[in-house]
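Undergrad: So the sequences go chain by chain: A and B. The C-terminal residue of the first sequence carries number 198 in the numbering used here, and the numbering is unbroken. The C-terminal residue of the second sequence carries number 198 in the numbering used here, and the numbering is unbroken.
Calculated directly from the structure, the hints in this document are not laboratory data. There's no promise every hint is true.
Below, in silico cross-link-like pairs of lysine-lysine (DSSO-like), each with a Cα-Cα straight-line distance of 30 Å or less [claimed, not checked]:
{"hint": "1", "chain 1": "A", "residue 1": "Lys99", "chain 2": "B", "residue 2": "Lys163"}
{"hint": "2", "chain 1": "A", "residue 1": "Lys147", "chain 2": "B", "residue 2": "Lys55"}
{"hint": "3", "chain 1": "B", "residue 1": "Lys69", "chain 2": "A", "residue 2": "Lys73"}
{"hint": "4", "chain 1": "A", "residue 1": "Lys147", "chain 2": "B", "residue 2": "Lys147"}
{"hint": "5", "chain 1": "A", "residue 1": "Lys69", "chain 2": "B", "residue 2": "Lys156"}
{"hint": "6", "chain 1": "A", "residue 1": "Lys163", "chain 2": "B", "residue 2": "Lys99"}
{"hint": "7", "chain 1": "A", "residue 1": "Lys163", "chain 2": "A", "residue 2": "Lys73"}
{"hint": "8", "chain 1": "B", "residue 1": "Lys42", "chain 2": "A", "residue 2": "Lys99"}
{"hint": "9", "chain 1": "A", "residue 1": "Lys73", "chain 2": "B", "residue 2": "Lys147"}
{"hint": "10", "chain 1": "A", "residue 1": "Lys156", "chain 2": "B", "residue 2": "Lys69"}
{"hint": "11", "chain 1": "B", "residue 1": "Lys69", "chain 2": "A", "residue 2": "Lys99"}
{"hint": "12", "chain 1": "A", "residue 1": "Lys99", "chain 2": "B", "residue 2": "Lys156"}
{"hint": "13", "chain 1": "A", "residue 1": "Lys83", "chain 2": "A", "residue 2": "Lys62"}
Interface residues of chain A toward chain B, partial, derived using beta-carbon atoms under 8 Å [unchecked claim]:
{"hint": "14", "residue": "Ser98"}
{"hint": "15", "residue": "Arg135"}
{"hint": "16", "residue": "Ile143"}
Keep in mind it's a predicted model, so treat the numbers as computed, not measured. All C-beta atoms, glycine included, are put in the ideal place defined by N, C-alpha and C.
Protein chains: 2
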Amino acid sequence: MSKLIAYISSLEVLTENEAAQISVSFTASSLKAGDCFLREGQACKQVAFVEKGLLMYSKITEKGQEVVCDFAKEGDWVTQYQSFIAQSKSPLSIKAIEPCLLQVISFNGLMELYANVPTFERVARRLIDQVFINMVKRSGDLQMLKAEERYAKFRTEQPDILQRAPQYLVASFLGVAPQSLSRIRKNS
Amino acid sequence: MSKLIAYISSLEVLTENEAAQISVSFTASSLKAGDCFLREGQACKQVAFVEKGLLMYSKITEKGQEVVCDFAKEGDWVTQYQSFIAQSKSPLSIKAIEPCLLQVISFNGLMELYANVPTFERVARRLIDQVFINMVKRSGDLQMLKAEERYAKFRTEQPDILQRAPQYLVASFLGVAPQSLSRIRKNS
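Could you put the whole structure together from the sequences, leaning on the hints where they help?
TA: As structure tokens, this is what we get:
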């Protein structure tokens, strides 16, 4: 059983036929480290399930600096959902930090899958709610917490990403200078 | 048949049993003009289907001015979905402009309804996608269009609200001074 089907089966019981229909609706796609899944300013054409690897969401600030907004790894979904659903310009890029293996579906593919496998549409409802929760969580964390608290939270919630991602990207995500991150790490 | 059931039936075929389960999950609630459905800064506890009346979404700017972000009327759903789903503070208020009749459901009520009526969860997936599309549309319109273009678009898309809402609220929604709106209306 693929990781994608295992993941969906953990949320809803799938018949063999449903699992088969879901499997054929997705296409395997690989990215090298540094490759873009989505470029800022383009419409997001796809949703992907990450089978392997690490990616980051980033955007360019008004000062031209690239800021990391989030990470995604095995078992996560990647897309800029607003851009995907409205076919509007994405305010973010999504890039591979490690070589990645993705299972990808297009907008039309997804709409067809919803029509053919109602169970998948129910799973999607829950995943889409999670997009909203993440939006709220993300904007809240950066506003409300101090750098040390952000680091502590990140270390608790995503210890593996702290190991896997280059430190300057972790610093960018936490909104601190790389040297401040070194100091915080030593002191905590 | 209630307006709520008629609306949902227009999206998905419902059995009598499903329609009955949906009906009992919602509670009728009325608002007087000026009443709040949701106050800025509070967590949104409910989603409502508007059977009758007109409401507005508004927020207070840093200068303390109330700005209209959107309107909702018969056949629309009202909620601040991010706040509802994450139980976080709402950045917006939702207020009745006219006396309103709503069909209201709580968070727990909605989760139960999803579990009992899978068809409703599928309908919800489509409605939630619409929340994203509206977010994109709203932010895009205000940034990209001139005042005259915003007015023309609003008049085409929502001619009834142009008649029903007080002019100072329409002006606020379009991001123009009330006297500018009068001028634009005369010239168009």
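Undergrad: Mind listing which of the numbered hints don't hold for this structure, in increasing order?
TA: As far as the earlier hints go, only 8 is violated by this structure.
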